[in-house]
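Read off the chains here:
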Amino acid sequence: MWDWLVKHHRHVIVVLILIITFQLAYSDIFSRGPLWGPSKFLFAAGSSVLSGIAGGVNGVRGLWNDYIALVHVKRKNIALKNQLAVLQMRVKVLEDVEIKYRNILNVLSLPVPQKNFSYVTAMVSGRDMNSIFRSMIVDKGVIDGIKRGDGVISTAGVVGRIIRLTQHAADVLLLTDGGSYIDGIDEQTRVRGIANGTGRDKLEFMYILSGDRIGVGDTIITGGKDGVFPEGLILGTVTKVKPTPRGWLFKDVSIRPAVDINKLNYVMIITGGRP
Amino acid sequence: MKYAVWAVGVFILALLQVALNNYLPAYLAPDLFLMLIMYMTLYYGYYTTLLGIVVLSYISSVFSSGSVWFFMFSYVSVFYLLNFFKKYFDRKQIPAIVTLSLLTTLAYSLFVLPLSVFAGKTALFGAAIRLGLIQAIANIAAACLIFKYVPRIDRRIETGVHAAP
Numbered sequence: 001m002w003d004w005l006v007k008h009h010r011h012v013i014v015v016l017i018l019i020i021t022f023q024l025a026y027s028d029i030f031s032r033g034p035l036w037g038p039s040k041f042l043f044a045a046g047s048s049v050l051s052g053i054a055g056g057v058n059g060v061r062g063l064w065n066d067y068i069a070l071v072h073v074k075r076k077n078i079a080l081k082n083q084l085a086v087l088q089m090r091v092k093v094l095e096d097v098e099i100k101y102r103n104i105l106n107v108l109s110l111p112v113p114q115k116n117f118s119y120v121t122a123m124v125s126g127r128d129m130n131s132i133f134r135s136m137i138v139d140k141g142v143i144d145g146i147k148r149g150d151g152v153i154s155t156a157g158v159v160g161r162i163i164r165l166t167q168h169a170a171d172v173l174l175l176t177d178g179g180s181y182i183d184g185i186d187e188q189t190r191v192r193g194i195a196n197g198t199g200r201d202k203l204e205f206m207y208i209l210s211g212d213r214i215g216v217g218d219t220i221i222t223g224g225k226d227g228v229f230p231e232g233l234i235l236g237t238v239t240k241v242k243p244t245p246r247g248w249l250f251k252d253v254s255i256r257p258a259v260d261i262n263k264l265n266y267v268m269i270i271t272g273g274r275p
Numbered sequence: 276m277k278y279a280v281w282a283v284g285v286f287i288l289a290l291l292q293v294a295l296n297n298y299l300p301a302y303l304a305p306d307l308f309l310m311l312i313m314y315m316t317l318y319y320g321y322y323t324t325l326l327g328i329v330v331l332s333y334i335s336s337v338f339s340s341g342s343v344w345f346f347m348f349s350y351v352s353v354f355y356l357l358n359f360f361k362k363y364f365d366r367k368q369i370p371a372i373v374t375l376s377l378l379t380t381l382a383y384s385l386f387v388l389p390l391s392v393f394a395g396k397t398a399l400f401g402a403a404i405r406l407g408l409i410q411a412i413a414n415i416a417a418a419c420l421i422f423k424y425v426p427r428i429d430r431r432i433e434t435g436v437h438a439a440p
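Sequences listed follow chains A and B, in order. Under my numbering, the first residue of the first sequence carries the number 1, and numbering increases by one thereafter. Under my numbering, the first residue of the second sequence carries the number 276, and numbering increases by one thereafter.
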């Protein structure tokens, strides 16, 4: 036995390492521990370099987009002005509806949802080392008033939440990551569920009972119950509802995120006014 | 001293990887660390490679939302598989690098399977395989550059692949 161990000691070492790390990796596959010690130093140093690179690249992109690629801008400007006028009218109507809604809530002594939240704009300076996981580095940190757990959004909808941060940089867990869970509601039918990332460019909308009404094309918005995002931010659109076999409890629902994660250059981090 | 230089080089490689992932689509950005592990398995000593894998796993976890154990498990698995197969690649430089790169990419994707199944995230495995298949070409290109430019740290020509292309 001892001779066999001595002869095959290399294989034994590797197999032992694999068994131990498998146990640890399985229990810790979506580890989101805060940064400390050398990790914090390496992350801070790396993110400074990366934000320098991102600043340079965005500068060149900006030069191109702002000064050189201006063909058809005038035509597009007119179209956008028309669109803006239509949207402004719609906002007026919705503001009127909102005032009535808040008055009703006051009369009924129900809690009035918080309307405004403050945010900090941040530049995306890097993406996750490994394509299986989905996170990105932004150039704002503790000194900008950001805390662990803050929500991150863009003009299109929800992006993710802050999981680790240093003085000048932060790591954002994207909503498409397998470890991301966000409270959501079907805007049309008010069915509530949890939007969970899959590691790909789609989400699963979990815990939808087989009897619940939910259809392809429905918009899923944040539910406001997770203490991170205010209610009403767009998560995505339902792309697939798999028919439930008899006896199954939950439906299999897929969502396409509203935000194109791969094209994000700037994001907004919600720093105050959370629900 | 050369180990310190190596560690700094790995840190720069990690930043390069993060920047590449930011500016390139996923299938065009090679997995530099995976290719470096392949190179180390062929040209570095057994224990030096294992030590290197620990460092690479740690740095990966700093710039990723995955845990250090996840990286260690997948990297050591790939190392073990390559260590077993390397003797079959004899003196054919470019074909050997191409085949090994493909094997490494596929092996890495496969080793995500047990973890994703146990964590209840089988979609992760699908994502890894899909990405691995289309990322393979970028990985081959990265492997050629690594074979050409990364210095050999402690030894040896006992493997089948004898020289950089």
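It is worth saying that the hints were derived from the structure and are not from the lab. It cannot be assumed that every hint is accurate.
[To be verified] Derived coverage of chain B by chain A (criterion: at least 3 residues anywhere in the stretch with Cβ under 8 angstroms from a Cβ of chain A; other residues may be distant):
1) 277-290
2) 295-307
3) 378-390
4) 418-425
[Said to hold, decoys possible] If you anchor each label on the Cβ, the simulated ranges turn out as follows:
5) A/Asp66 with B/Thr323: 47 to 57 angstroms
6) A/His72 with B/Val280: 47 to 57 angstroms
7) A/Lys74 with B/Pro389: 17 to 27 angstroms
8) B/Tyr424 with A/Gly232: 46 to 56 angstroms
9) A/Val12 with B/Thr397: 29 to 39 angstroms
10) B/Lys277 with A/Thr239: 25 to 35 angstroms
11) B/Tyr424 with A/Lys74: 48 to 58 angstroms
All residues carry an ideal CB built from backbone N, CA and C; glycine is no exception.
* Which hint numbers does the structure go against, in order from smallest to largest? -> Of the numbered hints, 4, 7, 10 do not hold.
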